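Sequences are here, hints too, so could you generate the full structure?
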Amino acid sequence: MGCAECHNHRFDPFTAKDFYSMKAFFADIRETGLIQDRGAKAWGSKLLLPTDEQSQRLQGLDDQREAARAALMKKAEAAPEQRWAWENRTLAAYKAGGLAWRYQKPDAASSSNGAKLTIYNDEPVDSNYYLNGSLASERKTGDGLVVASGPDPDNETYAIQFKPGEGDWTALGVDILQDESLPGNRLSRGADRFVLTEVDAAVSGRPATFVLATSTGFGQPPEHPAMAAIDGDAKTGWGVAFGEHRNAFLALRFKQKLHTSAQDIVTVRLHHDSDFRRATIGRFRLALSSGEHSWPETGDSGRKNKIAQQTKATTATLNIATDRGLAPEVLMALERDEEDRTDAQKKLVLEQYAWAAPELEPLAVRVAQLDTSRDMFEASIPRVIYTERMKPRTTRILSRGNFLDDSGEIVQPSIPAFLGKLDTPGRAATRLDLANWLVSRSNPLTARAQVNRVWRQFFGTGLSKVLEDLGSQGEWPSHPELLDWLAAEFMEPQSPGEHAWNTRHLIRTIVTSHAYRQASLPTREMEERDPDNRLLARQSRFRVDAEVIHDVALAVSGLLVDHFGGPSVKPYEPEGYLAAMNFPKREYSASHGESLYRRALYTQWQRTFLHPTLAAFDAPTREECAVNRVNSNTPLQALVLLNDPIFVEASRALAQRMVESRKDFDERLGWVFSTTLNRQPSKEERAILSALYKKNLARFRSGEADAAKLLSAGDSPLPSSVDKTELAATATVARAILNLHETITRD
Amino acid sequence: MHSSDEKNLLCRRAFLRYGTSALGMLGLNSLLAQTRGVVSPLHHPAKAKRVIFLYQAGGPSHIETFDHKPKLAEMHGKPMPESFTKGQQIAQLQNSQLLCFGPQYDFQKFGKSGQEMCNLFPHIGSVADDICIVRSMWTEQINHDPAHTLMNTGSIITGRPSMGSWILYGLGAETENLPGFVVLMSAGKGGQMQPIAARQWSAGLLPSRFQGVKFNSIGDPVLHIKTPPGLTPAMQKDEIAAINALNRLEDRAVHDPEIQTRIAQYEMAFRMQSSVPDLVDVSKEPQSVLEMYGAKPGDGSFASNCLLARKLAERGVRFIQLYHRDWDHHSGVKANIAIKACETDQATAALIRDLKQRGMLDDTLVVWGGEFGRTPMSQGGDGRDHHIKGFSFLLAGGGIKGGLSYGSTDELGYAAEENPVAVPDFHATMLHLLGIDHERLTVKFSGMDARLTGVGGHVVKGIIA
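Protein chains in written order, with the working numbering: chain A, -5 to 741; chain B, 51 to 515.
It is worth saying that the hints were derived from the structure and are not from the lab. Incorrect hints may have been included.
Stated by the list, open to error - Taking CB as the label site, the calculated pair distances span:
{"id": "1", "chain 1": "A", "residue 1": "ILE23", "chain 2": "B", "residue 2": "GLY348", "range": "45 to 51 Å"}
{"id": "2", "chain 1": "A", "residue 1": "GLU588", "chain 2": "B", "residue 2": "ASP328", "range": "35 to 41 Å"}
{"id": "3", "chain 1": "B", "residue 1": "GLY348", "chain 2": "A", "residue 2": "SER507", "range": "40 to 46 Å"}
{"id": "4", "chain 1": "A", "residue 1": "VAL624", "chain 2": "B", "residue 2": "ARG408", "range": "35 to 41 Å"}
{"id": "5", "chain 1": "B", "residue 1": "GLY348", "chain 2": "A", "residue 2": "VAL624", "range": "56 to 62 Å"}
{"id": "6", "chain 1": "B", "residue 1": "VAL493", "chain 2": "A", "residue 2": "SER562", "range": "31 to 37 Å"}
{"id": "7", "chain 1": "A", "residue 1": "LEU428", "chain 2": "B", "residue 2": "GLY506", "range": "49 to 55 Å"}
Note that the structure is predicted; figures quoted are calculated from it, not measured. Every residue, glycine too, gets a C-beta built ideally from N, C-alpha and C.
Right under this line is the structure:
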């Protein structure tokens, strides 16, 4: 029917009017279009689906937060004299530079898991970052910049030491700088975000305590609030996951002023222990403030550029400390007399006062804590994305599909004319009418199409080969009466006790048939008369679909986790596979634990760059509807089955089961054939695999090959009480079996 | 599951395997189809055997590359005459005042042919006499992805085969160790790296063995090309030998031609494992060659990929497509195009020179170009918007007339005026050079004979030597 978007169909009875009348059913759906600023709003309307318990807890958190906020604002409003005093202090401090962040020049930087940290103090460093969407490249002194490079472990802790000299400090600042070289949203070394799970600091061995964390807020999803960096929970953290081309800044207020004498060394540890792999910061500076209190630096380089234009400063000098510890809009409000401030400015000043003033700190901290726990809890509740209904747009026939041409005839929702008419007297047809018509007894098309698709699952080819088109451009079914009978049985089962549209009944009918239970081996006559097996004198042999290949390997090796439902999972994926994508720049971050071993059905679908294990076996990219899949047979498939870490891990796990289940190699071979291929090996097969086993066992024993390395494939645990060389050699046998054509073939 | 299942010898599979009589060998058609093309013999004698397409993604400004527009310089800052733009499709400049934006760099004449090129491209200028500049390209699509889709598949509707797939389908491969259609993507500096979808090198409605295989510049060059840690190459060889021996036994029992193909593909996979890492390692090239291209081994740059493209061409790869991104200069065209010129100029020239030295330029068609051009009007005072009515392509080798400037845009560089070349015309010409009549390379699809050139395409005879 797609052809009719531009013109009446040449071979099928679809007209352009039919196309646009069908489209009109969907004219009442609110379309949000592309949202530039990704993240929370990008997916349109969302509906939380809390359990009763979750609802109550959320309500409780809401109430507590409101109460805490009310208490804070009440106290802030109650004493204007105190606020005026704070305003004067703040303005004076700002003008004297007392709120400015003091960037520190580290003396040492080290990592726990191998990342290389390079300090650029007075040394020049290349930076490539964005200003107003254009790349700016510069080379200038680092001023305390720390750059991570080299090994890129999943989790990492950076330890930085610096000597601030004599002072009393109120806050620590972590300034995170974007750079074009960083694959994770240009901020982190991997994943699509950085997550700073915990920050701690100590002065010459004496630990300091943080009380409040405030961030620039930009690009920060609700599950990664600033306070999570100081909540003592090693898994939660502050992170930036969307938005681009901006730096990020975290201001951490000390519980008590931190005194340093001239020789004191401050050690700051930045922990990255989240479940996002390689969500580690790429470039950062550390700063201290002695102000009361310094606002996080703005991460918005675009805004910095505007300020640069206004002040004629160069962008280079603006890279640090543009706002000198106070947001420009707050500064503007403070500089006005109170009576001249707009309502918005009054509110801004009051909010800033509530955040900064020492007399309000306990209440402000309480609000921040409750905000954090409420938002993180809400983020953990499942939600659905839904489309909203609105007043239908006018739908016209677009001549030759030209959407700029609004001269076409206006159409109402209706089904293609040659298929009949919906009976909706006196009102326009709706999507519900369409849905009812699709499955009505008077419309056998839906059932025929569905039956044909299910048939393909069990015979490799539909009764009509062209699954997506049962019209004149499709193929006349090989067994039209059978197709009709199955469709009728699907819609109105004759078997007692079955209900209509029951797919399980349909499948049972098919798999208990004589046709299904036939052998797949053709006789010479069958081969000559019906090479494609359209007449069904035998069963078909066909390679199973991508997802099944993955699931079979996991199932026989015992790795498969067959939970039902839940969010998508991310199995291992080669590094750099997403490098051709952009906006935002991202790196893949594989899941952990059970999520690595779910059925491939649950693998996250990345449109345009489908998971390569599935793509190799002809899974469609889902850029457009693909009803049928054409099986290919390529060397890339061999490379996946041989070398893809999930299949290597599966061979190792299958070998483990072989070793655990039987004592000697011959019995193990029998067991693995029976488990994987549902038959026993022949003498020749035994000979081939025994030879492989013996040869490889000798290689592992002699040290020519590294058993421990092979066995380290994947995340699943390895039992400690195994003979590693024996297990590794067995794994090479298991690997051969998982690679067999027979293993990936339904026969 | 234990002892009982082993005794279950008469399960269905075992019965199938041993219970029926053997059959004769089936044909190896599916296997041979992989190397032999459907255009056999060729429709006419070929001038080119292979194509290297240096795809400059994002839409290079023709006005700062190969289309000299002095009149536009004179008009700089003045309103664009309405006669040019009225009723025309524009992208982000809708509803804004259209001002002329003069070329940001000077042009000069290069070579004996005196072809005019922007002086940002002195290296390409140095091979000007081998190059044909087509200044009258035009396209239909004003956004990146559909424009890429049109350039690659001849259609704006996704799902059609890419040109590399068509050519591989038509001509087959000349190598059994490498895929016949290889895609490379280079790293570079850039602010607007528009994403490129894997569908751009898809086989569409052709069998998927004709799809492009992307070699990566990060990690393994081909996914999973490395033998798993802990195993030696000899063990991998034995493993594949065992798998193939078992598959042969299976084939003896069930006579499935897919098994023969599977065995051949495992052999090819092993050959790729041996050849690809060596192939992509350009560090063994002589220093003089590295310097000529400006390539540093392992940097994943356009220069390294040009050198790799030459190596792939030497080994018989039919279609090599090298994407270089970030020509999308909506802003800061002056600074940004200088970066891109710096990244591509020397290596492009080096590739042409290198092929020529090796006697391969005669039968290798080299193409340099993107999905569209950029407006002669300014965007935001220092950039240029997407533009479909006129842009430039460079062609060299493979039967192309060198030292020729073909076609032109109007005096302001807005629309192709003399000898306009549509995307299907380019496709038809490329196929013609390869010995294929574009109207006769077709597959049945939806009741039509689908072809790369759709319902259009005229061979541009004027650029053929």
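Inset, instruction - Return the numbers of the hints above that this structure violates; sort them in rising order. - result: 3, 5, 7
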